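Asks: Listed below are the residues making up each chain.
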Amino acid sequence: EAGVAQSPRYKIIEKRQSVAFWCNPISGHATLYWYQQILGQGPKLLIQFQNNGVVDDSQLPKDRFSAERLKGVDSTLKIQPAKLEDSAVYLCASSSTGQWNNSPLHFGNGTRLTVT
Amino acid sequence: GQQVMQIPQYQHVQEGEDFTTYCNSSTTLSNIQWYKQRPGGHPVFLIQLVKSGEVKKQKRLTFQFGEAKKNSSLHITATQTTDVGTYFCAGKIYGGSQGNLIFGKGTKLSVKP
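Protein chains in written order, with the working numbering: chain A, 1 to 116; chain B, 1001 to 1113.
Everything labelled a hint here was simulated from the structure, so no lab data went into it. All values derive from a computational prediction rather than experimental measurement. Errors might be hidden in some of the hints.
Only pairs whose alpha carbons sit at most 30 Å apart, straight line, appear in this in silico DSBU-like list of lysine-lysine [stated by the list, open to error]:
| no. | chain 1 | residue 1 | chain 2 | residue 2 |
| --- | --- | --- | --- | --- |
| 1 | A | 11 | B | 1036 |
| 2 | A | 11 | B | 1105 |
| 3 | B | 1036 | B | 1059 |
| 4 | A | 15 | B | 1105 |
| 5 | B | 1070 | A | 44 |
| 6 | A | 11 | B | 1108 |
| 7 | A | 83 | B | 1105 |
| 8 | B | 1105 | B | 1056 |
| 9 | B | 1036 | A | 78 |
| 10 | B | 1057 | A | 44 |
| 11 | B | 1036 | A | 44 |
| 12 | B | 1108 | A | 83 |
| 13 | B | 1036 | B | 1070 |
| 14 | B | 1105 | A | 78 |
| 15 | B | 1105 | A | 62 |
This is chain A alone, in the form it adopts within the complex:
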């Protein structure tokens, strides 16, 4: 099966600019996640979707971050305006079952964001 697709692979922007990331999960996976991975740390959940509904966005900095999954398939994550501390790898992941199941996460290759 095709894996989780993400684009772009790399992005460099100046602080206060905006940026958007795109993710297409594995076909048929109902659950989609966006994680932020700062260098030297483990992934931190930003938002979780179940189909096109938000399950958990408690750690999403909503004053600058937004995400949508309008048709329950692909998703976009936006940052506006970006800050220096947003420099990180943004990982998209999907899983095959609902929020209460234990199915593993399948990660994409991520987008490495550098804010200067």
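Mind docking chain B on chain A? Use the hints.
Replies: For chain B alone, coordinates are given in the frame of chain A:
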């Protein structure tokens, strides 16, 4: 807040030596998952442990889940250069959604040939 602590942060071994990374949670976990991230890559699922005291093996890798479901370990026997990468544990808190996996900071393993 809820945390999953992982030690050591780094481990350098000679090829053929054994390696162990430990994961500890401040709260009881419903399950724990282990992921491997190669340099420049993304986390890849290795295994999931659900039962108290569970032990699972994958070739040279042995995974354990503590009796109290608050700690776990990954042991690699006779490391090879292909084992290089960062190993993350990720614990699911009881009552939390699947996305509410709390990742440890990882143990970065380097293997000298």
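Asks: All hints, please: hold or fail.
Replies: Here's how the hints hold up against the structure:
1. Note on residue 11 of chain A and residue 1036 of chain B: the hinted pairing holds, with a Cα-Cα distance of about 24 Å set against a maximum of 30 Å.
2. At roughly 24 Å between alpha-carbon atoms, residue 11 of chain A and residue 1105 of chain B fall within 30 Å of each other, so this suggested pair holds.
3. For the suggested pair residue 1036 of chain B and residue 1059 of chain B, the alpha carbons sit about 15 Å apart, so the restraint of at most 30 Å is met.
4. For a cut-off of 30 Å, the pair hint linking residue 15 of chain A to residue 1105 of chain B stands: about 27 Å separates their Cα positions.
5. Taking the CA atoms of residue 1070 of chain B and residue 44 of chain A, the gap is near 20 Å; set against the 30 Å cutoff, the hint holds.
6. For the given pair, residue 11 of chain A sits about 25 Å from residue 1108 of chain B by alpha-carbon distance, which is consistent with the 30 Å threshold.
7. The straight-line distance between the Cα atoms of residue 83 of chain A and residue 1105 of chain B is roughly 23 Å, inside the 30 Å bound, and the hint therefore holds.
8. The suggested pairing of residue 1105 of chain B with residue 1056 of chain B holds, with an alpha-carbon distance near 22 Å, which does not exceed 30 Å.
9. Between residue 1036 of chain B and residue 78 of chain A, the direct Cα distance comes to roughly 27 Å. Compliance with the 30 Å bound is thereby established for this hinted pair.
10. Restraint check: the Cα-Cα separation between residue 1057 of chain B and residue 44 of chain A comes to about 27 Å, which is no more than 30 Å; the hinted pair holds.
11. Taking the CA atoms of residue 1036 of chain B and residue 44 of chain A, the gap is near 16 Å; set against the 30 Å cutoff, the hint holds.
12. Taking the CA atoms of residue 1108 of chain B and residue 83 of chain A, the gap is about 28 Å. The hint holds against a cut of 30 Å.
13. Taking the CA atoms of residue 1036 of chain B and residue 1070 of chain B, the gap is near 20 Å; set against the 30 Å cutoff, the hint holds.
14. Only pairs whose Cα atoms come within 30 Å are accepted, and residue 1105 of chain B paired with residue 78 of chain A is accepted, the gap being roughly 25 Å.
15. Note on residue 1105 of chain B and residue 62 of chain A: the hinted pairing holds, with a Cα-Cα distance of about 24 Å set against a maximum of 30 Å.
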